[in-house]
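Number of protein chains: 2
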Amino acid sequence: MNKIITIGREFGSGGRELGRRLARELGFDYYDKEILTAIAEHTSLSEEFVKEVVEGRPRQLYPITVNRSFMYLDTQPIQQAGAVFHAQQEIIRELAGKSDCVIVGRCADYILREQKPFRIFVYADMQSRIERCRARAEAGEKLTDKEYKQQITKMDKARASYYSFYTDLKWGDKLNYELCVNTTNQDIPTLVTVLAKLFQ
Amino acid sequence: MNKIITIGREFGSGGRELGRRLARELGFDYYDKEILTAIAEHTSLSEEFVKEVVEGRPRQLYPITVNRSFMYLDTQPIQQAGAVFHAQQEIIRELAGKSDCVIVGRCADYILREQKPFRIFVYADMQSRIERCRARAEAGEKLTDKEYKQQITKMDKARASYYSFYTDLKWGDKLNYELCVNTTNQDIPTLVTVLAKLFQ
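Protein sequences, first through last, are from chains A and B.
Everything in the first sequence is counted per this note's numbering, starting at 1 for the first residue and increasing by one.
Everything in the second sequence is counted per this note's numbering, starting at 1 for the first residue and increasing by one.
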């Protein structure tokens, strides 16, 4: 059976970089944003919409209290979100069946649970995440610490609700991962050199 | 500076065994229960009392609401508990200054925070912890799953309150550790062989 490593990560924790470098270090395939493209192709939905569902705010698609009759509730977005998740499942299973790989996000830990992937969760303290966000910001982006914190909290909330909606598990709960890695004050390349040893 | 690894662990997670084996694998000194003996010697308190304070229920020593005049509150246990913690601090700092080592429990992660120890937290799901407790039970001990669960919950609660009392941090919170390791369905000796690579 292929070796599969899944990476869940807090926004700004450097989890994506960690996953990408870990895959390179181990010679594994690496899947992240390309999954979105594949889902879009699979479902004929726009990549933008897929991104919104997968990374975004699925809750908006499922109003709990609506100020109008249920009969009028437009269920199309719900069906589309469901289609996205199903396509995601199929694609992730297909990729995991092909070769040893590292998959970042996308509930891959849950989708592949029967294959027993090695599940890593990457996290860091808020200050360290703010600094990571600032370091990777595009030129001209000048946000205050408070603004970064708001962005980080919002992204984490979206990830948590997407994850718990589809898996019925609590995102970031230690019990859902084999290993939780704190990247506070850590240099990701150095960390990856060490972590890679676990799989060599 | 010496390499210091501290291990926090949920009751029944195999954290102590993991720490002991990790120390052996790395050729590090290992400190666990011997710290209690040293504290008892240091404070002239009985080892039994020290154990009760360090592993037990410090909250009982600090009633928040007492149904009698404050004047009558017997402060001796409080002072003794304080003495235990101070002796513990001194002893742990002394041990950490002597050689590379693994220290299990005893708020060592917090006490040694300036030395930047590598802080590991070991945890597992309830069923796996119940099975570990049963496997290591003394002959004749026949507890039901429910009874083990009660014991585990009680021990964890005591550890959590001791830890948060002295450190003002949340016991088991990912952010207080470099690495959190899930031992659910894991064979500890195998796991240690892999983990040891992180330090070699």
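Misleading hints may appear alongside valid ones.
Where chains are identical, the list cannot tell them apart; a pair therefore holds if satisfied intra-copy or between any two copies.
[Claimed, not checked] Here are the simulated lysine-lysine pairs, DSS-like style, with alpha carbons at most 30 Å apart:
#1 149 x 116
#2 116 x 146
#3 98 x 142
#4 170 x 149
#5 154 x 3
#6 142 x 170
#7 197 x 3
#8 149 x 197
#9 157 x 98
#10 51 x 157
#11 197 x 157
#12 146 x 197
#13 3 x 51
#14 98 x 146
#15 146 x 3
#16 142 x 154
#17 170 x 154
#18 197 x 142
#19 154 x 98
In case anyone wonders, no lab produced these hints; they're calculated from the structure.
A quick look at each hint next to the structure:
1. Taking the closest pair of Cα atoms, residue 149 and residue 116 come within 30 Å of each other only across two copies (26 Å); inside a single copy the shortest separation is 34 Å, beyond that limit.
2. In this homomeric assembly, residue 116 and residue 146 come within 30 Å of each other (Cα to Cα) only across copies, at 28 Å, whereas the closest approach inside a single copy is 39 Å.
3. Proximity of residue 98 to residue 142 under the C-alpha cut-off of 30 Å is found in neither arrangement, the shortest distances being 42 Å within a copy and 48 Å between copies.
4. Proximity of residue 170 and residue 149 under a CA criterion of 30 Å is satisfied in both settings, with 21 Å inside one chain copy and 22 Å between copies.
5. For a Cα distance limit of 30 Å, the shortest separation of residue 154 from residue 3 qualifies neither inside one copy, at 33 Å, nor across copies, at 38 Å.
6. With identical chains, the CA atoms of residue 142 and residue 170 are never at most 30 Å apart, being 33 Å at best within one copy and 34 Å at best between copies.
7. Taking identical chains as interchangeable, the C-alpha atoms of residue 197 and residue 3 lie at most 30 Å apart whether they share a chain (14 Å) or sit on different chains (19 Å).
8. For the homomeric pair residue 149 and residue 197, neither the shortest alpha-carbon distance inside one copy (33 Å) nor that between copies (35 Å) is at most 30 Å.
9. Taking the shortest alpha-carbon separations for residue 157 and residue 98, neither the intra-copy value of 32 Å nor the inter-copy value of 45 Å comes in at or below 30 Å.
10. For the identical chains of this complex, residue 51 and residue 157 are intra-copy neighbours only, at 16 Å inside a copy versus 42 Å across copies, given an alpha-carbon limit of 30 Å.
11. Neither within a single protomer nor between protomers do residue 197 and residue 157 lie at most 30 Å apart by alpha-carbon distance, with minima of 32 Å and 35 Å respectively.
12. When the C-alpha separation of residue 146 and residue 197 is checked against a cutoff of 30 Å, the pair qualifies neither within a copy, at 37 Å, nor between copies, at 39 Å.
13. With identical chains, the CA atoms of residue 3 and residue 51 are at most 30 Å apart within one copy only, with a shortest distance of 27 Å there and 44 Å across copies.
14. For the identical chains of this complex, residue 98 and residue 146 are neighbours neither inside a copy (43 Å) nor across copies (43 Å), given an alpha-carbon limit of 30 Å.
15. For a Cα distance limit of 30 Å, the shortest separation of residue 146 from residue 3 qualifies neither inside one copy, at 40 Å, nor across copies, at 36 Å.
16. Taking identical chains as interchangeable, the C-alpha atoms of residue 142 and residue 154 lie at most 30 Å apart only when both belong to the same chain, with a minimum of 18 Å there against 49 Å between chains.
17. For a Cα distance limit of 30 Å, the shortest separation of residue 170 from residue 154 qualifies both inside one copy, at 16 Å, and across copies, at 24 Å.
18. Within a single copy, residue 197 and residue 142 get their C-alpha atoms no closer than 38 Å, and across copies no closer than 41 Å, so neither meets the 30 Å cut-off.
19. In this homomeric assembly, residue 154 and residue 98 never come within 30 Å of each other (Cα to Cα): the closest approach is 34 Å inside a single copy and 46 Å across copies.
When the structure is compared with the earlier hints, violations turn up for hints 3, 5, 6, 8, 9, 11, 12, 14, 15, 18 and 19 and for no others.
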